[in-house]
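Trainee: Chains as they are written, first to last, in my numbering: chain A, 15 to 337; chain B, 33 to 204.
The hints are simulated quantities; they were obtained by calculation from the structure and are not laboratory data. Honestly, I wouldn't trust all of these hints.
What the hints assert, rightly or not - Among chain B residues calculated to face chain A with C-beta under 10 Å, some are:
| id | residue |
| --- | --- |
| 1 | I89 |
| 2 | P102 |
| 3 | G109 |
| 4 | L158 |
Stated by the list, open to error - Selected chain A positions facing chain B (Cβ under 8 Å, derived; list incomplete):
| id | residue |
| --- | --- |
| 5 | A140 |
| 6 | V147 |
| 7 | V184 |
By construction, the Cβ of each residue, glycine as well, lies at the ideal position given by its N, Cα and C atoms.
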Amino acid sequence: MFPRRLRVVVAVLLGVALTFVILDLRGGQGPFASVQNVAASILGGIERGAATVFSPITGFADFWTNTRDQKARLDELEKSNAELQSEVKRAADDRARASALDGMLKVAGLGRYRVVPAEVIAIGPAQDFTWTVTIDAGSDDGIEVDMTVLNYQGLVGRVSNVEKRTSTVVLIVDPSVSVGARVAGSQEIGILSGTGKQSELQYQLLDPLASLDKGAALVTFGSKDGRPYVPGVPIGEVLSVAGTAGQLSRVATVRPFADISTLSIVGVVVRPPRTDPRDSVLPAVPDAPTVTAAPTPTPTPAESAPQLSVPSEVPATDISPSP
Amino acid sequence: MNIKARQALIIASSIFIAVIVELTLLSRLGLPGATPDLVVVTIVALALAYGPLPGAIAGFSAGILMGLAPPFDGVLGLQAIIFTIVGLVTGAVVDPRDRSVPVIMGMVGLSTGGVVIFNALFLAVLSGDRVVWENIPGLALTSALYGLILAPLVVPGIGRIVRSLTPEVAIA
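Please construct the entire structure, taking both the sequences and the accompanying hints into account.
Mentor: In structure tokens:
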């Protein structure tokens, strides 16, 4: 039905595309991968520019979304205000005990993340089934593959690919992602995996007999050398638990602390804490100051980027949300 | 500039702009469901204006460009196959003498919705674990809806550019 020329051209195009598919699935390095990297660098640079041009529009969209939610937020804030006031009365005693414990564990002064801030400049289309975003910091800012990405709420994802001035982040909700997580308090460990839904993660406890309660908070238990996940980052809270204790597979549904749908400013952990801060970054301390931006000179190539250093005594409000 | 070069330039620049706008603007608007698929609407518009062969080439280049632009993390070349077929089919199926609004809108809706489904099927075969099946009906419907909203802006716009800059090869 098609003329000969059309058939030939379409066959060639499909053949070339199929070759790319095969090369991509084989993975690895080689000339194909480096061409891909060069192209990604150039396109990443263009995306940086475009994101700046479009920022008034996306900024307005954010504003509009926020205004729409304000009534619900007002109710929520009033409710939490009442709760907090009663909590403040009990807080003095708790605080004294907590600081004594902190001193005992010698965690307070040691657990420090060093974070390079970055902005999300492009997001992969939802219909590609890959939950990835581009951020405007790259190898020039000291970013490397498999670094942890977080925002003021909690864990966001890990760096999967680095260009010169941009990098790609795989979000924790991507179905291909698994994170080792520990229940704050009980210290039980398990595997947290993405579900492809932006407000749902699945958590599987390794010990089927361990107890797991609704509302329990999860933190990363960290990987070797802090790659891809540094220890102690708040991830989310348990919404519901399926199955009873003793059952072979107990799966909990977890809501991530970080709001994946409205990501804008994120931080890449370029230097993990020297020791596991455990869950000392979790408990919310009322009226502590927010993000402490302290430009710290470092001998690394990260020199050019402003550095955010988050001391572990304060980040309660920096990194974790109030429950 | 000769006619081929002008045609190539129009195809290349509209595909390029569509990819950048989709990734840095449309996806960041935080709309519910799918991301408005400006790229597919642009391929359909180019195929309607130039016919099946340039349509297929436009689809192929759009697929490769989407695969190279960050934050793409899927299988490079997969979208090129799907988009090539979208360009080819759109150019071949739509009769040049029948450019009524329902036909064009129908083509845009089918393409934007169909791309979601075929993308999911291909991905499931090649690298299984990422496709979330229960999300697909919602994604396909919202993608088609956004496509229908974009079409009245994109299709006549590209049609006008094509007719004024390359009148020799423009269809209708």
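Trainee: Run every hint past the structure and note whether it holds.
Mentor: Each hint, compared with the structure:
{"no.": "1", "hint": "I89", "verdict": "holds, 7 Å"}
{"no.": "2", "hint": "P102", "verdict": "holds, 4 Å"}
{"no.": "3", "hint": "G109", "verdict": "holds, 3 Å"}
{"no.": "4", "hint": "L158", "verdict": "holds, 7 Å"}
{"no.": "5", "hint": "A140", "verdict": "holds, 5 Å"}
{"no.": "6", "hint": "V147", "verdict": "holds, 5 Å"}
{"no.": "7", "hint": "V184", "verdict": "holds, 6 Å"}
Going down the numbered hints, you'll see the structure goes against none, and every one checks out.
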